[in-house]
Amino acid sequence: MQITIDGRQVEAKEGRTVLQVARQNGIHIPTLCYHEALQPFGACRLCVVEIETSRGRRLVTSCTHPCSEGLAVHTASDAVLQSRRITVELLMASAEHVPLIQQLANELGVKEPRFTMPENTCVLCGLCVRACNEIVGVGAISVINRGIDKEVSPPFHIASNACIACGTCVLICPTGAITLADINGGAETAHKWDSAFQAVSCRMCGHHSLQPVFADHIKLLTVDEATATIPAGEAVS
Amino acid sequence: MSDTRLGIFLCACGEQISSVIDLDDVKRRAWDLPGVVCVQQLPFACSPDGLDAIRETIHKDSLDRVVVAGCTPRTVAQACKGACQAAGIDDDLCQLVDIREGCAWLHRAEPSPATHKAVDLIRMGVAQVSLCQPRQRVQVELPSRALVLGGGLSGLTSAAILADSGIPVTLVERGDSLGGWLRQMHTLHPSPQDASPLLAERIRAVREHSMIDVLLGKHVTAISRNLGSYTVSVNGSAYSNDSVRSFEVGAIIVATGAEMLQPDGLYRYDGERVVTQLEFERELAQMESSEGTQTALSHVVMILCAGQRTDQVPYCSGGCCVLALKQAVEIKQMSPDTEVSILFRDLNLLGRIEHERQLLRARELGTKFIRYRPGEPPVVLEDQVAVDDQLSGVRQSIPYDRIVLATPLVPQRDAGAVAHMLRIVRDKDGFFPQVRSRLRPENRPERGIYVCGAAHRPCDWLEAEFEATVAAFQAVRHLRKGLVSRAANVAAIDEERCSGCGTCGQHCPFGAITMRQGQILDVAHIDPLLCTGCGSCVVLCPVKAISMPINNDMQIIAQVEAAFEGRSDDGEVRILAFGCEWSCCAAAELAGARGLTYPASVRMIVVPCSVRIDPLHVLWAFLSGADGVFLGACAPGECHYRGGNSLVEQRVDRLSTLLTSSGFDARRLRLEWITSDDAHDLVSKIQRFAELVDALGPSSVRNERLDKGDR
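As you go down the protein sequences, you meet chains A and B in turn. Under this note's numbering, the residues of the first sequence are numbered 77 to 313, in order. Under this note's numbering, the residues of the second sequence are numbered 1288 to 1998, in order.
No lab work stands behind these hints, which were simulated from the structure alone. Small disclaimer: the values here were computed from a predicted structure and weren't measured.
Looking from chain A toward chain B, a few residues come up when the C-beta cut is under 8 Å (computed):
1. Arg92
2. Gln100
3. Thr255
Now the stretches of chain A that chain B is said to cover, found in silico as 3 or more residues with beta-carbon under 8 Å:
4. 110 to 122
5. 238 to 251
All residues carry an ideal CB built from backbone N, CA and C; glycine is no exception.
If we strip away everything but chain A, and leave its shape as in the complex, we get (with noise of 0.2 Å):
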């Protein structure tokens, strides 16, 4: 099919995304939660384009918009730069100081933001998330919580049992705002084999063992004493 991007006619195949046709056509688009390894995520925003409709111009996401016979795209557009600014604004808000975000900033000609929040330089793209669960397949690691508290951290903020400690995720992040330590622990990093790992068994349900930390809150409910430590492994010859 063909679709017009920038008033370039482009040959775009069935079932592709407007970004993934502009790349392959070498028209930049910005982008920051994506990745061609991963399911595109629509999170950053950076990658709006303004599409024509019968009902008139509208900002769509690139990386998630698919082609259709006679789609006409405008890469560049007021609207577009001006939706773009206001995100990577709003982006410096916390993480200014990330060079990425600079580089940004600088492309699209944003100054000074105008709004300030606590500095984070995780800005929340979600990429780590996603290649855990894609690409590494063990999903140690999620988004959670809502609104201003939203974070990526492991469930209940505990070291992960399921990371394999391969650093997919530090490797991916656009920012630098994840180490192997946010995910394991720090102290007890992954297959630190002589370590002794406190757990107590929980009595509620009789089949998971939660770590110490966990076991406080619910130490009103449990009259429970027995900690059970593995000592390192006694080999069986």
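Place chain B on chain A using the hints.
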């Protein structure tokens, strides 16, 4: 190899790669590599269009091997290898070369050396993939039969679930009746409900099920592991060899339960006046059947925590406080005149409200509760019990005509044997531990072995039933797969070359190597389902009888040679790095992604684990003209392959001694511990090493070869 048809795909990654590396130059030089029949540049190799292009070219040029030079395999390997597989090339014959994070991004400021490095990296990739053979996919059919060890409530529950799911079950019970613990319980505490109907129902369900084969009074004498299945030998008794029966199962449910500690010598235990809770439970049952009218007991004293939470049995058995309360209530209801005293350290009511209610009920009925201190247990005398009441501080003497001891549940006497047969590591109390795969993977039983009930730790019937259900469904899910397959890079032994020394078996961190009878002598055998491909045995084998399909010695040596092949004598030092893919390579990629840089004269070879680095590779690198060899490994204790890296330090030490004694400067060989997410650390370590090698200048071996006019 003249008959290979190799295609190279260069990814420009928009402008991310092409802005630093001169891809046209790379393309020109890539044509000269052996076996290359196609070099194609793509704007984005990993985009759907790029992958389509790769597939089309594979068909058009009938390629049989592919090198994709683009970004790190860590993120895009799946996509690229998937495309090759779709086009009919085994994914092992598709090699990804990282020229983005590991080259273009690292050396943004030096386009020319970066281009050189990219060509070298591609040459190394080509050298490796030309020698690659598709690894054998180990596929094993699972026998559709499960073994349930133990005929208690857990065993009965899981056997019934397995059979209902259409899986034939063999249930082995060493005793002569089914039912286990529950047989001896007269009610299903905490509820006053009678235990026998539930148990009878469960036993009937198992007995009458056509798919369940119940073996009573039998012992499992041996479990031998084959690929994905277990051969179980069952015997009439543990010590005789008569009527041995063997069968194959695909899953084993361990429901061996626990036994009660026999309190011999404890609190004057005699089994008559001083009894255990279980014996008292039987007594209560008799009393109840005789309508409870002629209870001769006037003073019952229950001592909790008898023989537990001590040095010998440090844990709390969990169910005995509750059982004591239940018995106290029962006896009070039968004969309100009986004095019941409970001597306790702590009351563990398992956090359940019904147990709290039971406690209130016992109080209402007039049970006395006396707390004693851990260090001052009650003393049982001829006809009274002396105890220091912690609350009042007064020493009390309580007359008794029955003492009930709450003794703990301890692991079965033969739990050690079962653990040995199934290769499960027990925890320090002797139970089979909970699965915790990341922190203690050595405790994790293999797929196909599921532990439930009191074999884990003491539990009540509700917990046992719950765990049994979970274990049964896990086993069903496992067996329904029908096939287990492994595509890991598994080591294999050439039996003709094996000298049977057994070194590999001794050091395999996964216990995957066993000695088996060969034609003349015993030879080593590697279980492909257990091997993780760390490569430790390949290095250890003195006769080099072990090989791996990927990263075998030939491929690594080919890469070593390829790393320096294209270098003219430009006076620049040559450093070869061997990096563990989990730490050193991850950190190197991260360094690129974070905009750091290290000298472009370093070439890195990726190995699965630092334990795979053979001293031979290092020597070969020096002989091929390396001026320095850098080894990057995970820090001790952080190895992804069970501490294989501890061997590396020893090897490097010995190799350094050897190098020094033969007059070679051992400073040219450096081992460093690298953390995967600390790129700064890696960069500074490589930089320091490069500076040192720079100061040392070209190595003597290289100079000699130069004198001879050899490269």
